[in-house]
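Residue numbers (my numbering), protein chains in the order written: chain A, 166 to 459; chain B, 42 to 303; chain C, 12 to 467.
Read the hints as simulated data drawn from the structure, not as lab findings.
Ideal placement from N, C-alpha and C gives every residue a C-beta, glycine not left out.
Errors might be hidden in some of the hints.
Claimed, not checked - Counterexamples of contact, computed for chain C against chain B with all Cβ distances above 12 Å:
(1) T17
(2) S75
(3) R91
(4) G204
(5) F217
As the list claims (entries may be wrong) - Label pairs and their calculated CB-CB ranges:
(6) A:G258 x C:R37: 33 to 43 Å
(7) A:D350 x B:P172: 21 to 31 Å
(8) A:A173 x C:L443: 39 to 49 Å
(9) A:R178 x C:P264: 10 to 20 Å
(10) B:F292 x C:T79: 48 to 58 Å
(11) A:D350 x B:E156: 31 to 41 Å
(12) A:Y197 x C:T81: 23 to 33 Å
Okay, here's what each chain looks like letter by letter:
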Amino acid sequence: MSQAPPPARTARRVTLLFLTSLAASVAFAVAYSVAASIQVLGLTLGIAMLALGAGMAVWSKRLMPQGPFVEERPDLEPTPEEERAAAEAFVSGERAIGRRKLLGPLFAAAAGMLGLVVLWPVRSLGPRPGSALRVTGWRRGARVVNELGQPVRADDLEVGGVITAFPEGHVRSADAQTIIVRVADAVLRPPAGREDWAPGGHLAYSKVCTHAGCPVGLYQADSHVLICPCHQAAFDVLDAARPVFGPATRPLPQLPLEVDGEGFLVARGDFSEPVGPGFWELEPPREDRQRGAS
Amino acid sequence: MSRCGTRWSQRPADRFRALRGLVVWGGLAGLIIAVMAGGVRAPAAGQQPDPQAVQLYRANCSFCHGVDGAGTFQGPPLVGVGRASVDFYLRSGRMPIDDPDEPVTRQEPKFSDEEIRKLVDYAGAFGAGPPLPALDLAGADLARGEQLYQLNCAACHNWDGKGGALVGVLAPPLHAVPPVQLAEAIRIGPGPMPVFPPDVLDDQELNEVVAYTEYLKDPYDAGGYGLAHWGPATEGLAGVVGLVMLLLVTFWLGKRASAGRR
Amino acid sequence: MTHVDTPVGKLLSGLDRRLGAAKFTRSKLNYVFPEQFSFLFGEIALYAFVALVATGIFLMLFYSPSETKTLYEGSYAPLRGVEMSEAYRSVMRLSFDVRGGLLMRQIHHWAALVFTGAVAAHLCRVFFTGAFRKPRELNWVTGVILLMVILLEGFMGYSLLDDLLSGAGVRIANAVVQSIPVVGSTAAFWLWGGEYPGSGFLGRLFTLHIFLMPALITALILVHLALIVRQKHTQFPGKGRTERNVVGTRMWPTYMTMSTGLAFMVGGVLALMGGWLQINPVWLYGPYDPFTITSGSQADYYVLWIQGALRLMPPWEVRAWGVTVPNPFFPGILLPVVLFGLLFAWPWLEAAVTRDWRTHHLLDRPRDRPARTGLGVAAIVLVTLLLIAGSDDVIAVEAGWSIVAFRNVERILLLVLPVIAGLLAARVARDLSRAEPLGADAATEVPAPASGGERG
Numbered sequence: 166m167s168q169a170p171p172p173a174r175t176a177r178r179v180t181l182l183f184l185t186s187l188a189a190s191v192a193f194a195v196a197y198s199v200a201a202s203i204q205v206l207g208l209t210l211g212i213a214m215l216a217l218g219a220g221m222a223v224w225s226k227r228l229m230p231q232g233p234f235v236e237e238r239p240d241l242e243p244t245p246e247e248e249r250a251a252a253e254a255f256v257s258g259e260r261a262i263g264r265r266k267l268l269g270p271l272f273a274a275a276a277g278m279l280g281l282v283v284l285w286p287v288r289s290l291g292p293r294p295g296s297a298l299r300v301t302g303w304r305r306g307a308r309v310v311n312e313l314g315q316p317v318r319a320d321d322l323e324v325g326g327v328i329t330a331f332p333e334g335h336v337r338s339a340d341a342q343t344i345i346v347r348v349a350d351a352v353l354r355p356p357a358g359r360e361d362w363a364p365g366g367h368l369a370y371s372k373v374c375t376h377a378g379c380p381v382g383l384y385q386a387d388s389h390v391l392i393c394p395c396h397q398a399a400f401d402v403l404d405a406a407r408p409v410f411g412p413a414t415r416p417l418p419q420l421p422l423e424v425d426g427e428g429f430l431v432a433r434g435d436f437s438e439p440v441g442p443g444f445w446e447l448e449p450p451r452e453d454r455q456r457g458a459s
Numbered sequence: 042m043s044r045c046g047t048r049w050s051q052r053p054a055d056r057f058r059a060l061r062g063l064v065v066w067g068g069l070a071g072l073i074i075a076v077m078a079g080g081v082r083a084p085a086a087g088q089q090p091d092p093q094a095v096q097l098y099r100a101n102c103s104f105c106h107g108v109d110g111a112g113t114f115q116g117p118p119l120v121g122v123g124r125a126s127v128d129f130y131l132r133s134g135r136m137p138i139d140d141p142d143e144p145v146t147r148q149e150p151k152f153s154d155e156e157i158r159k160l161v162d163y164a165g166a167f168g169a170g171p172p173l174p175a176l177d178l179a180g181a182d183l184a185r186g187e188q189l190y191q192l193n194c195a196a197c198h199n200w201d202g203k204g205g206a207l208v209g210v211l212a213p214p215l216h217a218v219p220p221v222q223l224a225e226a227i228r229i230g231p232g233p234m235p236v237f238p239p240d241v242l243d244d245q246e247l248n249e250v251v252a253y254t255e256y257l258k259d260p261y262d263a264g265g266y267g268l269a270h271w272g273p274a275t276e277g278l279a280g281v282v283g284l285v286m287l288l289l290v291t292f293w294l295g296k297r298a299s300a301g302r303r
Numbered sequence: 012m013t014h015v016d017t018p019v020g021k022l023l024s025g026l027d028r029r030l031g032a033a034k035f036t037r038s039k040l041n042y043v044f045p046e047q048f049s050f051l052f053g054e055i056a057l058y059a060f061v062a063l064v065a066t067g068i069f070l071m072l073f074y075s076p077s078e079t080k081t082l083y084e085g086s087y088a089p090l091r092g093v094e095m096s097e098a099y100r101s102v103m104r105l106s107f108d109v110r111g112g113l114l115m116r117q118i119h120h121w122a123a124l125v126f127t128g129a130v131a132a133h134l135c136r137v138f139f140t141g142a143f144r145k146p147r148e149l150n151w152v153t154g155v156i157l158l159m160v161i162l163l164e165g166f167m168g169y170s171l172l173d174d175l176l177s178g179a180g181v182r183i184a185n186a187v188v189q190s191i192p193v194v195g196s197t198a199a200f201w202l203w204g205g206e207y208p209g210s211g212f213l214g215r216l217f218t219l220h221i222f223l224m225p226a227l228i229t230a231l232i233l234v235h236l237a238l239i240v241r242q243k244h245t246q247f248p249g250k251g252r253t254e255r256n257v258v259g260t261r262m263w264p265t266y267m268t269m270s271t272g273l274a275f276m277v278g279g280v281l282a283l284m285g286g287w288l289q290i291n292p293v294w295l296y297g298p299y300d301p302f303t304i305t306s307g308s309q310a311d312y313y314v315l316w317i318q319g320a321l322r323l324m325p326p327w328e329v330r331a332w333g334v335t336v337p338n339p340f341f342p343g344i345l346l347p348v349v350l351f352g353l354l355f356a357w358p359w360l361e362a363a364v365t366r367d368w369r370t371h372h373l374l375d376r377p378r379d380r381p382a383r384t385g386l387g388v389a390a391i392v393l394v395t396l397l398l399i400a401g402s403d404d405v406i407a408v409e410a411g412w413s414i415v416a417f418r419n420v421e422r423i424l425l426l427v428l429p430v431i432a433g434l435l436a437a438r439v440a441r442d443l444s445r446a447e448p449l450g451a452d453a454a455t456e457v458p459a460p461a462s463g464g465e466r467g
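Modelling step: build the complete structure from the supplied sequences, incorporating the hints.
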């Protein structure tokens with residue numbers, strides 16, 4: 166059990182390590198004072214700690230008692246006498262409080278109810294969803310503007326172009342964000358009821374991915390696919406933004422557009438469906454349901 | 042008055058009529074010839090097409106893109122693609138390709154600088170299209186460029202310009218692309234890339250976004266080694282390496298204690 | 012009566028007298044700790060947590076959890092004049108205009124990665140050696156709760172910076188909460204203070220991250236350590252080691268010195284990483300806005316496995332009877348609940364299957380439990396595949412692969428590889444166990460004669 170006398174060489178090593186640590190610590194303080202780069206700061210601090218730690222490790226491993234030491238484990242199982250005494254202590258108390266039979270359950274009911282209602286203030290954390298998830302800032306006649314609030318004309322975009330847009334008055338809005346792509350008139354195949362939603366080939370869809378809400382920012386212009394980079398949900402722009410790859414299950418809601426008298430793009434109503442990721446109360450789509458367009 | 046017995050040249054009225062006819066009909070014919078000649082595409086700057094450019098085009102491009110860029114079933118028409126487009130595709134080595142099914146990717150250019158210039162002049166004149174962009178990066182507002190880049194480019198090309206995954210294709214990395222080609226690509230929208238015309242990104246904004254993309258080729262890594270700028274993907278690997286190093290430290294700490302202790 | 016002459020001795024003696032702690036002090040100073048290196052994994056985690064708290068105190072003095080928009084006028088030129096939240100601006104100021112600020116932030120973030128990794132390594136060690144068996148089930152449960160809490164804490168931490176990358180993660184978290192049946196949309200509105208992006212959310216994250224969660228983690232760690240002290244550490248079978256004793260080094264001075272040395276070495280590695288390896292360069296991501304996104308968006312690895320599951324999940328959702336169970340619910344809520352549920356229940360599951368409810372203080376060699384080892388390896392392979400899936404667009408770009416083909420390959424691998432790996436590991440374990448059976452001198456259930464006190 167006793168160790169061999171510590172070799173002087175080991176003691177020298179530990180000394181060297183501690184002195185290195187000391188010097189590095191001072192260097193750190195100096196480096197900090199002269200506003201050195203964080204590479205110098207990290208190096209000095211790192212060496213100071215590593216050397217100190219290594220010195221302590223060597224000290225403990227080579228110069229301190231190694232044992233092996235043996236210790237008995239405590240017996241975690243109680244003896245029958247101890248168990249009986251503990252049970253007796255509990256039962257005698259129970260007997261004292263249990264004399265009135267009704268008090269126990271009443272207490273449980275009152276305490277339980279109090280415990281429940283102190284959770285009620287959680288309702289103050291935020292509003293109930295209500296209809297918030299079903300509407301955005303888009304209205305009939307709302308002008309289409311870019312991220313700087315500038316109105317977008319129908320001839321700004323060329324075929325193959327893409328732009329992020331918002332309703333006037335709700336610039337940079339999280340739920341009203343829209344991505345507009347322009348395709349050639351010849352390739353348009355609008356679904357029933359949406360024949361005039363895309364003037365001049367301008368298709369406008371919600372930019373909020375219906376999977377988990379990231380902005381659907383990638384537009385693959387030659388195959389007319391909008392892609393979300395978070396989980397690679399892909400939507401076919403020519404087929405009402407139906408999902409064609411990835412985990413999205415619902416198409417991107419479409420915004421009906423028209424061109425006003427001055428050549429600016431305006432909306433004809435809100436999106437065709439609620440935007441964004443799904444939720445419990447989301448109704449399955451009805452074939453005849455068209456929102457917004459007149 | 043009788044014309045018998047006299048020669049045409051001796052009769053003043055006939056001489057006048059002949060002269061008038063010559064002027065009128067000659068002028069008319071000359072006008073028609075001039076109009077027809079002017080209708081044929083005149084080369085830029087009023088010169089004849091460079092014979093070397095014509096020969097290059099015929100040998101390398103016309104098989105797929107057709108005579109005068111009219112297009113064939115193998116390749117799209119080049120009418121109206123503009124000088125920017127021709128310059129982009131030739132300088133980035135994407136064109137010419139041997140096989141229409143070959144993927145169009147960045148490679149070493151197949152032509153010399155001089156040959157490209159001639160082809161740009163020739164094929165770029167197949168109808169009006171985006172001109173060669175005139176960049177002025179000095180003094181461009183990097184902060185405005187950052188905002189434009191994040192909104193318009195980062196979704197496909199990544200915040201560091203490392204490229205991105207699309208459906209079936211990859212958006213290429215931007216680090217090896219010269220600024221003029223960046224600008225050309227933005228203006229023409231090659232392949233799967235959308236097009237950003239001047240009404241969407243005006244010339245000053247083009248300068249700004251190209252300037253920021255240039256900055257991304259050597260961005261400020263204040264924190265030390267940049268770990269290939271792939272974000273948490275490579276940071277996680279480095280974290281695991283750091284952890285493994287510490288696990289090895291415990292191996293040193295614990296192992297020595299048990300060595301020869303039985 | 013003992014006389015102690017040194018100053019420290021006098022101090023301890025004074026405390027002993029006032030607290031009646033002499034006996035306790037002696038027993039703790041003589042506490043025997045086994046020397047196996049893998050028993051130190053948990054300590055790496057503990058010391059990484061200490062580094063997190065130390066650097067975190069510095070960081071919280073500079074961070075401002077406000078969503079109010081402001082214009083940047085600091086020293087990083089490419090963002091000057093850009094509109095950003097006050098929170099992001101405070102991080103920019105800390106990184107570029109506060110001396111040593113970026114070092115503290117990077118050490119803090121590296122420490123978070125090392126912390127979660129060390130907890131995972133420690134969990135694996137405890138699992139594969141069967142240290143969770145009676146009487147240590149309670150300790151196992153506190154450990155699994157700790158794992159859940161620190162994953163959440165890390166996610167909150169990097170979301171506070173309000174940059175383009177972490178902001179997308181917060182949006183996804185909102186969608187995942189919203190996908191919970193019946194209560195999801197209400198829960199999301201309550202947690203975020205309204206429809207996404209909500210109001211005051213960063214402030215709530217901040218309070219949780221610097222106060223409630225660290226307090227919870229500290230309390231859980233203390234319970235975890237107290238249980239170890241009370242029950243004493245497990246040990247591998249070997250000569251002289253029984254179910255009734257602990258063989259190793261003493262707490263004072265050897266083990267305490269060695270452990271403190273490890274603490275400094277952990278700090279040293281973290282300081283070197285913090286100074287030399289860039290992590291989370293938020294100035295290159297730019298400030299968050301809800302309509303901008305970058306490709307190559309990854310979460311930190313301890314959450315990345317959930318992102319991988321979200322990517323690999325096929326486009327299935329439940330729409331019936333007028334309600335919807337959206338797609339993100341299955342990989343984002345159900346999968347973690349099932350995995351953590353299995354983890355929680357494991358001590359009792361294994362005891363029921365092996366019909367072994369006895370007390371165990373001696374550990375298993377992993378090879379002697381091929382079934383458990385195989386299952387553990389299968390789980391590790393599963394999580395690794397999910398991590399790869401979470402970064403598969405990065406891999407696709409680097410390798411030049413089509414993401415469409417790659418993702419289908421990943422799905423097949425996910426179903427097949429864990430099973431194969433598990434069976435293979437079980438086979439290897441069984442072969443190794445047969446080739447090198449436990450030595451005859453290794454005690455298993457032999458009750459040692461009650462010997463008095465310690466030797467040496």
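Which of the stated hints cannot be reconciled with the structure, identified by number in ascending sequence?
Number 3 only.
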